[in-house]
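For the record, the sequence lines run as chains W and G. Taking numbering that gives the first Met the number 0, the leading residue of the first sequence gets 0, the next gets one more, and so forth. Taking numbering that gives the first Met the number 0, the leading residue of the second sequence gets 0, the next gets one more, and so forth.
Hints listed in this document are in silico derivations from the structure and should not be mistaken for laboratory results. Beta carbons: idealized from backbone N, C-alpha and C, even for Gly.
Listed next, the stretches of chain W that the computed footprint assigns to chain G, with coverage defined by at least 3 CB atoms under 8 Å from CB atoms of chain G:
id : segment
1  : 5-12
2  : 58-69
Label-pair ranges, simulated between beta-carbon atoms:
id : chain 1 : residue 1 : chain 2 : residue 2 : range
3  : W       : W72       : G       : T224      : 40 to 50 Å
4  : W       : M0        : G       : A105      : 41 to 51 Å
5  : W       : L41       : G       : A85       : 24 to 34 Å
6  : G       : L271      : W       : D68       : 21 to 31 Å
7  : G       : Q252      : W       : G37       : 39 to 49 Å
8  : W       : P40       : G       : D63       : 32 to 42 Å
9  : W       : L18       : G       : V102      : 45 to 55 Å
10 : G       : D37       : W       : L71       : 11 to 21 Å
11 : W       : G37       : G       : P81       : 31 to 41 Å
12 : G       : N135      : W       : M0        : 54 to 64 Å
The primary structure of each chain is shown beneath.
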Amino acid sequence: MSWMAWTPITAVFFSCIILMLIGMGIWQAVSPTVPRRGFLPLTTTRGDRLFISLLGAAYIHLGWLAFTDIALWVGSVIALAWLIIVMRWG
Amino acid sequence: MNKITNNKAWFLVLPVFFIVAISAIIPLMTVVNYSVQDIFDPQTRFFVGTEWFEQVLGDSRLHDALIRQIIYTLSVLFIEIPLGIAVALTLPRKGWGVSASMVLLALPLLIPWNVVGTIWQIFGRADIGLGGYVINLLGIDYNYSQNPMDAWVTVLVMDVWHWTSLIVLLCYAGLRSIPDAYYQAAKIDGASRWAVFRFIQLPKMQSVLVIGVLLRFMDSFMIYTEPFVLTGGGPGNATTFLSQFLTRMAVGQFDLGPAAAFSLVYFLIILLVCWVFYTVVMNAGKREEQ
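Pulled out of the complex, with its shape left as it was, chain G reads as follows (with noise of 0.2 Å):
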């Protein structure tokens, strides 16, 4: 069979590649610009070279916030994960509970950043929230905004509360799209409920996980709004993630050439891990192909 070809196609993609332009690759230069030069105004401005990058790479303050963030989005992952995938194999496959655990699972999803750290940030205040006013009934001793543990737990457990939901969602899906075929070949072998879980729902829901797994990694290792809602980074830098030191350093100091080497390293990383993700997700979707 001829193929046609027909390259007007291409005219197509103009817009796209405009926005992507504007929004993306132009900004990303003018960071690299402002990485290699120490900027007072846009008159006033000398070249440094790689005296930022050298700089930002050898930050302790950096360092520590890379370790917590890596601990942070770590923790999330293997929380969110496993719980995501066990609410989903609970949930009703028909009747009107479909319908209603979707609404109650969808809600989380639908607040906004700051309203969610607003919200736990109430909700864990001793003198006036229910959170933490019980939780001191019980005689533990938490105030989230003085014990570093507790800030750490209590920013763990709000992005728990507001992403295990898309976890589910996802893995729901996945186990919707199985027939129920598979179920009722492995009920006449005599197999066991792990072995259906391990051999038909696991392999089934992987590339919904996968996909899973990569936007809860970005999101996290991104997350700015929540944890500067609630604990503004304390007590003391306890729980200051990347996004957040980033901030303080460019808009707080104003220490543009610093923080724009220090955007290149964090870019770096993310898109590092997102590629690894993509490989992982398309080698699957071919192997599943074959």
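Chain W with its partners taken away, still in its complex shape (with noise of 0.2 Å):
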């Protein structure tokens, strides 16, 4: 696996991102999602609102990082707020 040149960092990232579809998995062999309209203009199940909260994440910090010089830990809190957000209220 030394080819794949991995750092600590990206590995508890990705652990993170496998953590959470595992996660996923097991909530809707638990408790089947139910596809809901919040404040997104689109009907959306659980899986629809993790990739849309992901996918803004990953702007919100390439916007972070083009337009601020603020530490990036706060783009992520912010990043953080939006997947709680998109995921309950979405």
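Starting from the two chains in their separate frames, assemble the complex, guided by the hints.
If you want it as structure tokens, here you go:
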């Protein structure tokens, strides 16, 4: 696996993504998702909302790096808040 | 009715999962790993955090390539989609003409990208190419290797020549699926040609058009081979689009870290647009079912 040039941070990042997907799979098995409409302009399932929030989080980080000089962890907090908001009310 | 559930079917998905893992997920993970490191060789690498992302996002050459890419992709869509619809509307609906036009239209789609580039490279040359020679005979000073505007026009015309057929074939398939009863009803109502197009043909072509726009967007946004063969990205950087910029960075300069960071930004742009199109297609499908 050394050819993949792993670093501890990227390993943690992908572990979180994989754990999130496993968690969503178990959640789906225990209590299947019901499509609903929140503040997003489309009907979404739980998986859709996770995808939208992760994609949004990626763009928040990119925007943060491109347009501000403020520490990245502030952007990460905003991205986390976005994730929670979309998952709960999206 | 009781629904029969058989979870063994999931095993049938495993081969696809492994193929996707090997061909997409593992390489993508590797790119992410590369994007946060300065790598000299597999043993000599240093963690640099988000430095490459900051460098890439602030690179004016990349901004220029992105703007060029957006203008190019929008131009391709604005030319190919209306032209494709117009050609599809004029195609014969029965008789030998159907097969003949299908074969003729499919021909450009069968030619490999690099061959298309070579064909147009020769065709556009003023000394040995028919196209370039004739244009110069008409008194227009045309030289795609020296004039940026000529290079742009040539690359655009080449793409239109290569890919409009795809839109034509998709639209034609959409048009063929309209029952004759619709046209008969429109005739009885005295509908104009425009009304038939606007209220019968266009709505029926909607789903295929969305697929067509999506395919043309992705292909033109990732275009590499044809401009590379035709103009090599020149003159200057006039036709250097994102893929070529990325290749130059990764293979030419061997800046693997910045190239990996750039790949991820590129990937995210395409992922966002594809998701938007996918959502539009799915919602359009649901509306039609209702």
